[in-house]
Amino acid sequence: MSDNDHSSPDSRRLPKRCDDAALEARIAALAAPPPIGLRQNVLAAVEQVLGGSTATNSRGSLPEREPVWGVLAGACAVALTLTVAPWIAMPSSAGQRLVFSGSPQELQGDRVADISQQRDQLLQSLASTERLPVAFQPGDQFQVESASATTLRPRDLPKFLDDPL
Amino acid sequence: MATLTQALAAGDPEAFAAVYDRFAARLCAVATTMTSSATEAEDIVHDLFVDLATHRQRFARVTDLDAYLFTALRNAVSRHWRRRSIHRKAIDRMQREHSREATYTDQPPPDEALAAALAALKATQREVLTLKIDGGLTFAEIARVTNTRPNTAASRYRYALAQLRRLLTRTQKQQHLREKTHVPQ
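Here the protein sequences line up with chains A and B, keeping their order.
Residue 1 is where the first sequence starts when you use the working numbering, and the numbers rise one by one after that.
Residue 1 is where the second sequence starts when you use the working numbering, and the numbers rise one by one after that.
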């Protein structure tokens, strides 16, 4: 079809084709249902966002602070190196900490704690999606090509774990 | 509806789950058609919900949830296209094929000719087709989502169907010609 066909006023009066419904049905039949695991991943990520901001507010500090996922968005298109480094570790439930060596500003203050908490939550999500056992070892490094705020979502984490530098 | 949007604005996880259950299939279908990639569509829908949760206070002003979600999806697809590199695209296509084989083995084989014809449509035509058929939106809603007039949306829809039919006919003729050419002697 040429561009003229689209812009011509006469062409707008094309009669309704009787086989339109059949074609529409074929198009509708192309749609596959979302994968079963997508719901769990999406809702886990949503709860991460909702939970993160709730925790911040409950501390009463920086109420307008952007969520941790927003912080990660700031590192968009930057290759970050994740390191499990016990030598800077503070006690946590998992006894390990994540360090974003590519973005020093993210290593300060409670954001480190937030990120660490998220790591734990991500691992819980992984456990629920039967992707465990996943074990961070001290000194392990993982290359992350951050393309969006949700780079570290549970569904993506395994491939980074499978791809240590 | 007002109660749901209020719950979303308040950050109620169950409200987001309800929205997922109600809209995810349609959002995924539209995103799949718009990107021609099931894998990319899943990423987009995933990111969309994260964005919705991040900016959940905006739900307080939403009066038409369908239009809001599909507008947000459209914007997410646009952002995704901007980010996507040629290399990434090639990889995702491969993953898509692999994913379809692995995930939907119990499904009938996809209508490859139609999928190819859809992919060959202009983006605006493909968009209005999938918003109408997969998204279930009215032309008035499509007009709001795509920032056009309802008549424009309806016209694009008609042209898209006509063009799609033309492409399918061409493909059928080519296939018929190939079959005739390769008839064993």
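Mixed in with the good hints, there may be bad ones.
[Said to hold, decoys possible] Here's a subset of chain A near chain B, in silico, CB distances under 8 Å, partners left out: (1) 28; (2) 30; (3) 50.
[Unchecked claim] Coverage of chain B stretches by chain A, computed from C-beta distances (three or more under 8 Å per stretch; other residues unrestricted): (4) 9-18; (5) 24-37.
[Said to hold, decoys possible] The following label-pair restraints were derived from C-beta to C-beta distances: (6) 36/A - 149/B: 36 to 44 Å; (7) 123/B - 21/A: 20 to 28 Å; (8) 177/B - 39/A: 42 to 50 Å.
No lab work stands behind these hints, which were simulated from the structure alone.
Yeah, the Cβ is synthetic: ideal placement off N, Cα and C, and Gly gets one too.
Quick rundown of the hints versus the structure:
With a least beta-carbon distance of about 5 Å to chain B, the hint placing residue 28/A at the interface is held under the 8 Å criterion. Because the smallest distance between the Cβ of residue 30/A and any Cβ of chain B comes to about 6 Å, under 8 Å, the interface hint for this residue holds. A distance limit of 8 Å between C-beta atoms decides the matter here; for residue 50/A the minimum to chain B is near 5 Å, and the interface restraint holds. With a threshold of 8 Å between beta carbons, the proposed coverage of the segment 9-18 of chain B by chain A holds, since 4 of its residues qualify and at least three are required.
For a cut-off of 8 Å, the count of residues in the segment 24-37 of chain B with a CB near a CB of chain A stands at 6, and the three-residue condition holds. For the pair residue 36/A and residue 149/B, the beta carbons lie near 40 Å from each other, so the given range of 36 to 44 Å is met. Range check, residue 123/B to residue 21/A: about 24 Å between beta-carbon atoms, so the 20 to 28 Å window is met. Distance hint for residue 177/B and residue 39/A: a CB-CB separation of about 45 Å, consistent with the stated range 42 to 50 Å.
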